[in-house]
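Just so you know, the sequences run in chain order A and B. Just so we're aligned, residue 1 is where the first sequence starts under the numbering used here, counting upward by one. Just so we're aligned, residue 1001 is where the second sequence starts under the numbering used here, counting upward by one.
Keep in mind that the hints were calculated from the coordinates and are not lab data. C-beta: ideal position from N, C-alpha, C; glycine also. Take the hints with a grain of salt, since some may be wrong.
[As the list claims (entries may be wrong)] For lysine-lysine, the following BS3-like pairs were computed, each having C-alpha atoms within a straight-line distance of at most 27 Å:
1. A:Lys-175 with B:Lys-1005
2. A:Lys-175 with B:Lys-1002
3. B:Lys-1167 with B:Lys-1067
4. A:Lys-61 with B:Lys-1005
[Unchecked claim] Sample of chain B residues lacking proximity to chain A, with all beta carbon distances greater than 10 Å (derived):
5. Arg-1061
6. Asp-1074
7. Arg-1141
8. Ile-1176
9. Gly-1183
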Amino acid sequence: MKKKGETQASSIALSLVGFVLVGLGIISILAYNWAELGHLERTVLAVGLLVGSQAFAFWVKHSKAYNQSLLEGSGVLWFLMVGASLAIIGQTYHLGGTLSDFLGGWLLLSFLGVWVLPSFSAAFLHILLWTVVWVSHHEKFGEMINTTMQLFMPPWVLFVVAFSSLAYYMVQLRKAHDANGTLFLSWAIALSFMSVFFIELAIETYELRHLGHITTFLALFFALYYVIGRLYLSHGEKMWQRPFVLIGKVGIFILLFCHLSFRSSHWMDTIGYTTEEVFFMSDLMIGLGMVFVLLLVLFVRQCKSVPSEVLIILSPFIFFIYNTLIQREEALVYEAIVFINISLVLGALIMIMRGAKESCMGMINQGMLLIAIAIWIHFMDADFSLVAKGLAFIATGVFFLAMNALVRRKLKAHS
Amino acid sequence: MKWIKQLSWSLFGILCLAQVSVIGLQIVKYERILTQGEIFLFDVLPLDPYDPFRGRYVTLRFKDANKAPLAKEDEFMEEQRIKGYALLEKQEDVTVIKEVTFHKPKRNNFLEVTLSSTDTLYRGINEKHETMVYFSLPFDRFYMREDLAPKAELLLRAGSGVALKAKLRVLEGKGIIEDLVVGDVSLSQFILTQ
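Bound-form chain A, shown alone (with noise of 0.2 Å):
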């Protein structure tokens, strides 16, 4: 059963890049702009390749319905060949307008393709589109890098694009939760996310170009990952099956590394850690803060116990203290610094000791490894010469070895 599964995804898979490399290679050959084609062979291409992509479409629909990979294969296919004919009309007739104009007009045209199919391909080409065409078109962001970024259509319309495509992907989260399909979802969906948090965290910090308030911002919204993915978008027990716990967790380890160093103070005052305006609550950070505490409450009745990525959830807790002690008037950065120091090394072993006594290998080691690289992030800032911190590494590794070797042998036996 499980190698049919396999042998389905694989067939899916090379189904999908085929066909993705066939209407790539066709946009690629029509945009040499070939002189020796007149009007009326334009006009056939464009309207060509456009039919012929519906038909393929309609006869999959129709006639092999059951074939997945043929299904996804022409949901693609449509996607790309109505971008072909949008593409062909521009350069017949030098119609003037942006990239970002044609990507918008190509993701209006096509939308609705996800669902009359439906084809989960064709979904994440429409979500990454209309990633590219909502932040390539977003005015005050324009005005932020000093270009004129409009698009053609207003912006309700972009909204009722992303309404559609979250539909189908909650459509798709009722019907068939863990299926490869809905996984791939998860991963545009998230990176979408992301992308059009980091604009409007850009955007609304960009006045006061506070530093203290964007890390509290990030630790809100990867926290805010992590319990959506713990409690509703995960797709199985691998990392990479859970994009929303992956991403989350990553972004909180990288912002609590960017803090533990005793250095970590200089640059802070060269790009913009201020005492003043000490908390700021804009409208985005109560919605987040609003929803965290939602997911929170969630998330603490599912887990009856203390969970062993605490760290993780109490990150925007952890950023909202150290922000208040680095952002007094007499700045407490010292205190500030020895704080999240403290709160990263207590968070390492509560994961390493929920992961010895539920025996899980991989929360052990990323426990030690989160203390490892402190260590290490600690021993850079020392005044030793190279031979020295080369020593220190090679013995830090060692240890990590040895302990990981005794802990399996542990585990092992135990088992």
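We have chain A; now place chain B onto it with these hints.
Quick look at chain B alone, frame taken from chain A:
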């Protein structure tokens, strides 16, 4: 369940029709301009960028075609406008934009433009003033064969002495670039003969 299937097929049909209609209507619209539109020639300067989907093109800088005086009858209109109409006038072998108006003209020699700003200039002791309107034309690029576009830019760099003109077809305020010409020769032909 049957109604979901029927709805899915109906949506499929509507979507196909909508896509073909959009593409078809665009073709009809632009072919009509190309066959029935009046020809206007503009002085232009080319630059050579790239679009991953539509290929290589030359960006066109239209000479003296980003500002013009506001028509006298529109002087006292305080409303903010996005769209205006540039009145075209042929002078010898080139076209100039005589003025910009906010009202759709009845004659055919006008082009819909996107307005960006206005500037009022006061002249002399009587404070006679003239309002200048800044705008952008609805086209800024000409797609060319991948190997010809960079050559076009090299050949036509400012100071090369070759005068490039954009041949526009205009009909009922809508215009498209039919060709780029050097004298009477198409730019592509001109490059190939160099």
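Hint compliance check: list the failing hint numbers for this structure, sorted ascending. 7 and 8
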